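Residue strings, one per chain:
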Amino acid sequence: MNLALVGINHRTAPVEVRERMSIPESRLQEAVADLIHREGIKEGLILSTCNRVEVIANARDGVAPEPVIREFLADHHQCNLALYESHFYQHRQREAIEHLFRVASSLDSMIVGEPQILGQLKQAYTAAREAGALTGTLNEISLQALAVARKVRRNTAIGASAVSVSYAAVELARKIFGDLTGKTILVLGAGKMSEIAARNLIRSGAGTILVANRTYERAVELAQAFHGKAIRIEQMLDHVEKADIVICSTAAPHYVIHRHHAEQWLAARKNRPMFFVDISVPRNIDPAVNELDNAFVYDIDDLGQVVEANKKQREREAIWAEEIIQQEVQKAMKRLASREIVPTIVALEQRLETIRENELERFRGRLGDLTPQQRDAVDALTHGILNKILHGPITELKSGVGRPEQSSLVSLVRKMFGVAE
Amino acid sequence: MYSALLWLALILYFVGIVLTVPSLMKHRPSLPSASLAALGAGLVFHGSSLVARAINLHRLPVIDVQSALSFFAFLVTLAFFLAYLRYRINVLGIFMLPLVFVLTLFSALRPGPSFQSTAFRSGWLMIHISSIMLGYVGFFITFVAAVMFLIQESQLKSKNPQRTYYWLPSLELCDQLYFRSLKFGLPFLTVGILTGFVWAARTWHGPWELDPKILAALVTWLIYLFLFSARLSGTWPGRLSAYVAILGFAVLMVTFVGISFVSGWHGYLPRLGRAP
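These protein sequence lines are chains H and X, in that order. 77 is the number that this note's numbering gives to position 77 of the first sequence; each next residue is one higher, with no gaps. 221 is the number that this note's numbering gives to position 221 of the second sequence; each next residue is one higher, with no gaps.
Calculated from the structure, these hints are not laboratory results. Bear in mind that the values here come from a model prediction, so they are computed numbers and not experimental data. Some clues are possibly wrong.
Unchecked claim - Taking lysine-lysine pairs in the DSS-like style, the calculated list, with each CA pair at most 27 Å apart, reads: (1) H:311 to X:157; (2) H:270 to X:159; (3) H:42 to H:334; (4) X:159 to H:311; (5) X:157 to H:312; (6) H:334 to H:415; (7) H:270 to X:157; (8) H:192 to X:159; (9) H:42 to H:415; (10) H:192 to H:242; (11) H:122 to H:334; (12) X:183 to H:270; (13) H:334 to H:398; (14) H:388 to H:415; (15) H:331 to H:42; (16) H:242 to X:159; (17) X:159 to H:312; (18) X:157 to H:242; (19) H:334 to H:388.
Unchecked claim - Take a look, some chain H residues computed to stay more than 10 Å from chain X by CB distance: (20) 2; (21) 37; (22) 89; (23) 122; (24) 151; (25) 167; (26) 221; (27) 334; (28) 374; (29) 419.
For glycine and all other residues, C-beta sits at the position ideal for the given N, C-alpha and C.
Extracted from the complex, chain X is given alone in its bound form (with noise of 0.2 Å):
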């Protein structure tokens, strides 16, 4: 059942996306209203997919990489229209589309195995894994309004515009997205790691602290508070600040995707579970 869900909303991904590109083209000050709808069908499928997952493993549809990763391009997606709805900035969708279906594909073509484990269904530990994740879609955010302040600094500072200086919006613009989706994820991220703490102290009996992905964890949210006090304090980011966004997201996404490989603890790996 999810399954085809997460296909039907993966084809209305595709169809959304493709009718982007010719605006996109074009420079159109807005998104094409069959590719806005096109891409809320796919929403609307996508939730509905995470949605009969969870009620068939009675928990959050989180439980290996291929479904965490469905949940994020969920949210991220989600997050494309709050933001587009805000701020109108049509090549947010060059940035965040692409993602979305690149990891809708990949979590739609291999739906992982469906085991059960009580472990998940605690309070502190869905409340860890959706802040966390809610704190990454914020930081992904942070880290294309990074990307989009750099190439539209260096239009400025080379004194001969290219196509992305007319694609993308002002400096200004770029700020704002970063500072308050900044603003957002670090909450998230605290909250997560600080029930994940709670959630590992009651649970697990080992040397959990020491386990890769709780370092690397604990790395991010230093890189993201670092940049969140040199905003908050009124500093404008500046290239040095965008570069460090970047290399936030990076480890970030070593930190989500790659250290699950190796991590004893946090490893998709049902080794909590116990595979069937």
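Bound conformation, chain H alone (with noise of 0.2 Å):
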């Protein structure tokens, strides 16, 4: 394994850098084939998003990989790329590996835990899966890279909190109500924002929808995409109190609902709790709202902050993600390392058992005829000196698994036993 990474991301270079590094889907099989066609480069893995370029490359063995990884870049986006320098990042090996783990487990992304990145990895290992250019080493560590990025997902909670404002609406409704299924939405205002936040509680499971909006034909339509009731603004009122939610987004510039109001329909809900979102500014609710047992009411404010706050609880699963990295890579490094290794151990093994077998033919006839306990106590003397030799060698090759200089020992005792490689 001779493994090397370039990249760019949206911390090291600025749009129009990233931009020009882009490299579209539809061209993506054509680039990575271009890449594994160069001098020395057996595999390639080309990852690009609206954030990233992220170059990987596995080269035989004495090649440097990063200069031609620069190369097909510039080649491929005919610039100079001294120019973009500053922004490229690189990583050799064991930090190549680990670096593409944290970015398919959106550890590196610019919303930790958004799930996009994902289905993107997806999308460049079948490009170059086609392309022909994952048939070893770095398949095997690409689709890994995706396992690990699924065993993140599902044993910690980074992806779990909405992160954003719409979502953080449905959110906080399943906290109040649990499953939301046969819940009654009221929207208030049927402004493009209601709409969206109305859409994300019915494809939760939210059962009826009401529209109330000040021109009763918008009201009509709207009501009809989701398949709802169009009430009119005056009976407004009157309907509240079946809603569990409320969205509010009216253009009106004061309170429509006061605090009087509420205490009422808590009263004839039996104070079963009821969720005001209110997204219209100015506000269409007050705030004093929000002090009533049982009614909880979030601004465009409050659902900011909400979602700043699920932002935290993101890096703080983050840490728990991370730490699952750091195992795979581990283990990754130890199954490629030990794999190494094995071809090795076993061409010693057959070599030193070739020259016991030609030495012991050679010396039969001097040996004479020997009685089956000699014969076995001549091969029990040769197999000793042959596992006695071969002991130091083995250990140290398998004591080098996963450190650097693994591989030069290997050639090295590949040589001075004359092992071909």
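Using the hints, put the two chains back together into the complex; each one sits in its own frame.
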């Protein structure tokens, strides 16, 4: 394994550089093919999204992959890469694997835990695979990266909490009502924002939708889109008590829902909770409603604050995710390294065994007739000598697993014992 | 014998609790199976210790504070398992298991005197004791649900969620747990108190009606009856009910443990059985 990764991301490069370096999905396969046909490169993988471009290559021993990758990028974009040098980072071997695992698990993303990156990596994998650029070690590492990402998602809550305002509202509704199935939503003011919020709630299973708007026609229109029911604005206050969730975004320059309204509704609802989402500016719901038991009022700033808290929560989860990644990198390195020494050990044993058999054959005549016991003794003696000789190099090879000097150690041992590569 | 089993249960509880910690810290959706296995094994040994003691004494193994708490702890663990399997609320462990451990430790450290009393073999008294215990377990869960409700409610009101917001279940689930445990606890407490009256009327001679423990039990019963009827009428718990549920549990604990030291008739001190 001779792995290197060269890349830029949203932290190291501004958007002008990222778009200059990006490789569109339609050209991905062709680009990977170009990469692996360069001198010394065995395998390649290119991940290009709006926030990053990562090029990974596995080269033959003795070839430094980084200059080849840079040359490839310069050729592909027909530019002088030296101009952008300060934006690039590069990683080798273990660090390259670790970086890929972190990227796949969305720990390196602008919004930690965002789920798109996994799909993007899958696309990159498919493109490289189809270009014939993943045939060995890098193929295995890429598959592992996808598996690690899934494991992180499964075992941490890194992607669990909403990082957009409209989803934050859905999530809050779930923290109040648990399951949203069968819950009634009243949409007050048929603007774009309330439409998005309502749509998210419906997707999460909410039941009946009521729509009230200043112009009745628009309410009917929106109600039809949701398979809901339109209400005339004059009758709106009579219907609110049925609603578990009220989404409010009217253009009214004053409060539409006051504390005394909410008091009545809650009493009529026998205190079952009500969740008010006020996305209108100026606000339409008196914040004093929030002081009532079982009434929860969130305005647009409150939702923003929840989103901020959710981001912090994701960062806390990222600590556990990093732990998983470290373990997985460790495991991957062990597996790769031990696989690299196995052929050497087998070849070494075979080489010495051949010598032993040839020498025994040569001395058969001189030894004369041996009793079975004597023959066994000779076998044991020669085997013993071989094992004693092999013990040192094999122990040394095994202890070198995962260390940087491993590959030079392997070739040294091969040379010393005359085992071909 | 029962003491050894109890210690074994205690060790397993400890292992089980320790194993839950990382999964709770990491917000895992479910408790690790190793932890559940340890707790389950602890529960089995705990149950065996109670059975061993019951066989030894020829009656319900509830004779002093320690054994009462041990029995209670056993029932709480059992209830934890049932509630966890039904609701999958991880944090129930945080609230319920440490109590189990402390109570079991307390009863394991001081096994208490083992005296024989023919009175305790009465069927009425066995129903009295076990009903009341089951009622207490129900109300303990009511208490836990009320505490979770209050914390989650204040998180939602504050609009600035802290870690607990992510840990705790929805208000709806807290309410379900609250109401179901009330529905479970109240009939048992009622039966327990009634059988106690029947038994006392038959057995005790004297002004037992004014026994502090009986009075406290009646107060407890009234508090829970109030909460139950409030919730039955459909009104959601809200903060006030949650506070009353917490108060109710405080009164219950005083009834259960505290008053026994001042109550003549109900003292765990072996007045009835005449100490050996």
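Verification of the supplied hints:
1. Distance hint between residue 311 of chain H and residue 157 of chain X is fulfilled; the C-alpha atoms sit about 19 Å from each other, no more than 27 Å.
2. At most 27 Å may separate the alpha-carbon atoms for a hinted pair to count; residue 270 of chain H and residue 159 of chain X meet this at roughly 24 Å.
3. A C-alpha spacing of about 21 Å is found between residue 42 of chain H and residue 334 of chain H, which places the hinted pair at or below 27 Å, so the restraint holds.
4. Proposed proximity of residue 159 of chain X and residue 311 of chain H is supported: the alpha carbons are some 15 Å apart, at most 27 Å.
5. Restraint check: the Cα-Cα separation between residue 157 of chain X and residue 312 of chain H comes to about 19 Å, which is no more than 27 Å; the hinted pair holds.
6. Distance hint between residue 334 of chain H and residue 415 of chain H is fulfilled; the C-alpha atoms sit about 24 Å from each other, no more than 27 Å.
7. Of the pairs offered as hints, the one joining residue 270 of chain H and residue 157 of chain X holds, with about 19 Å between alpha carbons and a cut-off of 27 Å not exceeded.
8. Distance restraint check for residue 192 of chain H and residue 159 of chain X: the Cα-Cα separation of roughly 24 Å lies within the 27 Å cut-off, and the hinted pair is therefore satisfied.
9. The straight-line distance between the Cα atoms of residue 42 of chain H and residue 415 of chain H is roughly 24 Å, inside the 27 Å bound, and the hint therefore holds.
10. This hinted pair checks out: residue 192 of chain H and residue 242 of chain H have alpha carbons roughly 23 Å apart, not beyond 27 Å.
11. Between residue 122 of chain H and residue 334 of chain H, the direct Cα distance comes to roughly 25 Å. Compliance with the 27 Å bound is thereby established for this hinted pair.
12. Taken as a hint, the residue 183 of chain X and residue 270 of chain H pair is honoured in the structure, with Cα atoms around 19 Å apart against an allowance of 27 Å.
13. With a C-alpha separation of about 10 Å, the suggested pair residue 334 of chain H and residue 398 of chain H falls inside the 27 Å cut-off, and the hint holds.
14. Pair hint residue 388 of chain H plus residue 415 of chain H holds up; C-alpha atoms about 19 Å apart against a cutoff of 27 Å.
15. Between residue 331 of chain H and residue 42 of chain H, the direct Cα distance comes to roughly 23 Å. Compliance with the 27 Å bound is thereby established for this hinted pair.
16. Taking the CA atoms of residue 242 of chain H and residue 159 of chain X, the gap is near 24 Å; set against the 27 Å cutoff, the hint holds.
17. Restraint check: the Cα-Cα separation between residue 159 of chain X and residue 312 of chain H comes to about 14 Å, which is no more than 27 Å; the hinted pair holds.
18. Distance check on the hinted pair: residue 157 of chain X and residue 242 of chain H sit about 22 Å apart at the alpha-carbon level, within 27 Å; holds.
19. For a cut-off of 27 Å, the pair hint linking residue 334 of chain H to residue 388 of chain H stands: about 26 Å separates their Cα positions.
20. Residue-level check passed: residue 2 of chain H sits 36 Å from the nearest beta carbon of chain X, beyond 10 Å.
21. Separation of residue 37 of chain H from chain X is adequate, the least Cβ-Cβ distance of about 45 Å exceeding the 10 Å criterion.
22. No beta-carbon of chain X is positioned within 10 Å of the beta-carbon of residue 89 of chain H; the least distance is around 30 Å.
23. Here residue 122 of chain H stays apart from chain X, with its beta-carbon at least about 25 Å from theirs, past the 10 Å limit.
24. Annotated as non-interface, residue 151 of chain H keeps its C-beta farther than 10 Å from every C-beta of chain X; the closest such distance is 13 Å.
25. Every Cβ of chain X is farther than 10 Å from the Cβ of residue 167 of chain H; the closest lies at roughly 14 Å, confirming the non-interface assignment.
26. With a least beta-carbon separation of about 32 Å from chain X, residue 221 of chain H lies farther than 10 Å from that chain, consistent with its non-interface assignment.
27. Every CB of chain X is more than 10 Å from the CB of residue 334 of chain H (nearest about 24 Å), matching its label as outside the interface.
28. A cut-off of 10 Å between C-beta atoms confirms that residue 374 of chain H is not in contact with chain X; the least separation is 57 Å.
29. Consistency note on residue 419 of chain H: stated as away from chain X, and its beta-carbon is indeed over 10 Å from all of that chain's, at 46 Å minimum.
Hint check: no violations occur; every hint is consistent with the structure.
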